[in-house]
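With these hints in hand, go ahead and build the complete structure from the sequences.
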Amino acid sequence: MRYTIGVDVGGTFTDVVGVDEEGREFLAKAPSTPGDQSEGVLDGLANLAAAIGLTLAELLETTTRIVHGTTVATNALLERRGAKTAMLTTEGHRDVIAMREGLKPARYDLRLPQPPALVPRQLRLPVRERLRADGSVEIPLDAASLEAAIVRLREAEVESVAICFLHSWAAPKHEHAAAEAVRAALPGVFVTCSADVLPQIKEFERFSTTAVNAYVGPVVFRYLTRLEARLRAAGYTQPVFVILSHGGMAPIAEAARLAVGTALSGPAGGVAAAVALAKRGMGDQLVTLDMGGTSTDIALIQDGAATLGRGREVGGERIALDSLDIITLGAGGGSIAHLGARGTLEVGPQSAGARPGPACYGHGGTEPTVTDANLTLGYLDATRFLGGARLLDAAASERAISALAAKLNLSTEATALGIHRLVNARMADGVRVATVRRGVDPRSATLLAFGGAAGLHASAVARDLGMARIAVPLFAAGLSAWGMLQTELRHEIARSVVSATAMPEDAALAALFEGLEAEAQAQLAQWFQGEVRGHRAADLRYGEQVFEITVDLGGVPMTRAGLREAFHARHRALFTYDLPEEEVVLVTARAAAAGLLPPLPQRPAGAATPAAPLGTRRALLEGGWADLPVWDFAALAAGQAVTGPAIIESATTTILLLPGDAAEMDARGWLNIRL
Numbered sequence: 001m002r003y004t005i006g007v008d009v010g011g012t013f014t015d016v017v018g019v020d021e022e023g024r025e026f027l028a029k030a031p032s033t034p035g036d037q038s039e040g041v042l043d044g045l046a047n048l049a050a051a052i053g054l055t056l057a058e059l060l061e062t063t064t065r066i067v068h069g070t071t072v073a074t075n076a077l078l079e080r081r082g083a084k085t086a087m088l089t090t091e092g093h094r095d096v097i098a099m100r101e102g103l104k105p106a107r108y109d110l111r112l113p114q115p116p117a118l119v120p121r122q123l124r125l126p127v128r129e130r131l132r133a134d135g136s137v138e139i140p141l142d143a144a145s146l147e148a149a150i151v152r153l154r155e156a157e158v159e160s161v162a163i164c165f166l167h168s169w170a171a172p173k174h175e176h177a178a179a180e181a182v183r184a185a186l187p188g189v190f191v192t193c194s195a196d197v198l199p200q201i202k203e204f205e206r207f208s209t210t211a212v213n214a215y216v217g218p219v220v221f222r223y224l225t226r227l228e229a230r231l232r233a234a235g236y237t238q239p240v241f242v243i244l245s246h247g248g249m250a251p252i253a254e255a256a257r258l259a260v261g262t263a264l265s266g267p268a269g270g271v272a273a274a275v276a277l278a279k280r281g282m283g284d285q286l287v288t289l290d291m292g293g294t295s296t297d298i299a300l301i302q303d304g305a306a307t308l309g310r311g312r313e314v315g316g317e318r319i320a321l322d323s324l325d326i327i328t329l330g331a332g333g334g335s336i337a338h339l340g341a342r343g344t345l346e347v348g349p350q351s352a353g354a355r356p357g358p359a360c361y362g363h364g365g366t367e368p369t370v371t372d373a374n375l376t377l378g379y380l381d382a383t384r385f386l387g388g389a390r391l392l393d394a395a396a397s398e399r400a401i402s403a404l405a406a407k408l409n410l411s412t413e414a415t416a417l418g419i420h421r422l423v424n425a426r427m428a429d430g431v432r433v434a435t436v437r438r439g440v441d442p443r444s445a446t447l448l449a450f451g452g453a454a455g456l457h458a459s460a461v462a463r464d465l466g467m468a469r470i471a472v473p474l475f476a477a478g479l480s481a482w483g484m485l486q487t488e489l490r491h492e493i494a495r496s497v498v499s500a501t502a503m504p505e506d507a508a509l510a511a512l513f514e515g516l517e518a519e520a521q522a523q524l525a526q527w528f529q530g531e532v533r534g535h536r537a538a539d540l541r542y543g544e545q546v547f548e549i550t551v552d553l554g555g556v557p558m559t560r561a562g563l564r565e566a567f568h569a570r571h572r573a574l575f576t577y578d579l580p581e582e583e584v585v586l587v588t589a590r591a592a593a594a595g596l597l598p599p600l601p602q603r604p605a606g607a608a609t610p611a612a613p614l615g616t617r618r619a620l621l622e623g624g625w626a627d628l629p630v631w632d633f634a635a636l637a638a639g640q641a642v643t644g645p646a647i648i649e650s651a652t653t654t655i656l657l658l659p660g661d662a663a664e665m666d667a668r669g670w671l672n673i674r675l
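Counted from 1, the sequence shown has number 623 at position 623 by my numbering; the numbering is strictly sequential.
Be aware that one or more of the hints could be misleading.
Within a straight-line C-alpha distance of at most 25 Å, the following computed SDA-like cross-link-like pairs (lysine to any residue) qualify [as the list claims (entries may be wrong)]: (1) K104 to V433; (2) K202 to S496; (3) K407 to G340; (4) K173 to D142; (5) K202 to I139; (6) K84 to E180; (7) K202 to A170; (8) K407 to A425; (9) K173 to D95; (10) K279 to L597; (11) K84 to E159.
Note that these hints are calculated values from the structure, not bench results.
In structure tokens, the structure reads:
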């Protein structure tokens, strides 16, 4: 039997999902190890092997592909634990990343301090050179100023260097020459050029993205190299792929080169899973609610496809690469409830994480968390957590919440219910940001709830939003890891266009996109031999606009008229109007090559015969304490119905049905809940 494996490292648990040749799915969990995530990955793989009935060596010998989602780059940015980074830049432009775009996050707050630049000013070193916007040389690269900068790099003992010259997107020759000189003089130092990371106009976005790549690059490289070595030592000989922020995946070498592309690697698996489930018939309009131990990730799936965004900020740093449009909230099972500055109850964004974790985990945690509240309310079974592998300490949860309740002058039960309500309200607001603020009515969508904790909160969140349907996959706790097995190898290329006219002539336009697509496919061919699908898009705007809109060019004729009409249509879809008489300007051409992997086999879900309740559990609902029937999620037969109030639980997740909810097991592997 052969296996494919997906690995998702979360803030609290590392989820590992294996799928065999018959479509059987296996899930294992292990505590995440923030100091070295590869330890948690190997622990998770060992647990998966045990769940299948194999040794770790036997599992790895029969595994054809491992796809990994990592938070190493994200954590390095958030915790400011990246490499000691310097920047070489065009003389007179060392302050581009500090000035940003001349805007503040809160522009009317006069006391708001300027955010510290990722590279300190003393390590932003000027080099005498200058290119014009058409790529022609105005000032040749000055060898003396470059050598002087390299001497200062050596004296500062930097680990990484970002090379960001003016207009290098048009011609990378100066950047590449400088990079060659730095590598020769400082072997072992990580060097990255803006022309290789983001060959596009807008200097701040290009400089910032390159600085982030340099800052996290050595950290990501060391981690991925260490992980690969450990896997090889354990007996794995096949490729390891890393899922990137845009939802595609790449081999370890490419992920290490473009480390900034892994900044949203973790949440991308959940969105990939949602797209796969949409194709299986769950629905074309989905809102994902991925609630884990540390955070909740929310994304919108429209017409069965995910939405890409650009210009995301992670840890206050701008990253202008394509990434899935994901809203992340500091609201997870480990989010800590505390007394706010005004004496009111607040939940998060601080998290108890994997260690010490919630008070009920028994690892020394004393702060009350969302998980502690759910246990106190009776929603969780202290003896069946992780299938009984871990016993929860209900008394510790009650002590932690009672201490907070005393400060609020409330009962323990009221405080626990308040924590539950408050985190529900925060997640409902996050869904509004992902939908209403983008012009989408959430009531027309299905709430896809997954992650270990989402099932306990999904019904309340959906009710707050007026949503009528929820879907909870049988593998909810490991769905992000499963989703990583549903994605494709992907390489993207973008090139900005500066022309005397708003748009090149038809022949030049077609040649531009054909050349980009061929370049993307040639790069992909270095990693992948198989069926390749091309994809084209363009950043377009009206002549007087400042910002561009990315337009999908699938099926669009590669002519001026074709691009104009596609842009008008997209503008109408986004803003309800278009301006046909206005000039349409092409700013950036984009192409991607996707290597298609064979789909995973599917097995029908659901038991052969309807199940009976396991028993009852006393839980606190809005109307008071009640004895709720408890059902085994995995034992439900296809088509079997369960009405709320009730609790449905598996080894790794629990679902709370409120009064009036009607659930039915779908043979394709998820629970349909009607409110």
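We went through each hint and held it up to the structure:
Between the alpha carbons of K104 and V433 the distance comes to roughly 21 Å, so the proposed pair stays at or under 25 Å and holds. At roughly 10 Å between alpha-carbon atoms, K202 and S496 fall within 25 Å of each other, so this suggested pair holds. With a C-alpha separation of about 11 Å, the suggested pair K407 and G340 falls inside the 25 Å cut-off, and the hint holds. The suggested pairing of K173 with D142 holds, with an alpha-carbon distance near 13 Å, which does not exceed 25 Å.
Our distance criterion of 25 Å between C-alpha atoms is met by K202 and I139, whose separation comes to about 21 Å. Simply put, K84 and E180 have alpha-carbon atoms about 20 Å apart, close enough for the 25 Å limit, and the pair holds. About 12 Å separates the Cα atoms of K202 and A170, which keeps this hinted pair within 25 Å; it holds. Annotation: proposed proximity of K407 to A425 holds, straight-line Cα distance about 22 Å (limit 25 Å).
For the suggested pair K173 and D95, the alpha carbons sit about 22 Å apart, so the restraint of at most 25 Å is met. Taking the CA atoms of K279 and L597, the gap is about 16 Å. The hint holds against a cut of 25 Å. Between the alpha carbons of K84 and E159 the distance comes to roughly 5 Å, so the proposed pair stays at or under 25 Å and holds.
No hint from the list above goes unmet by this structure.
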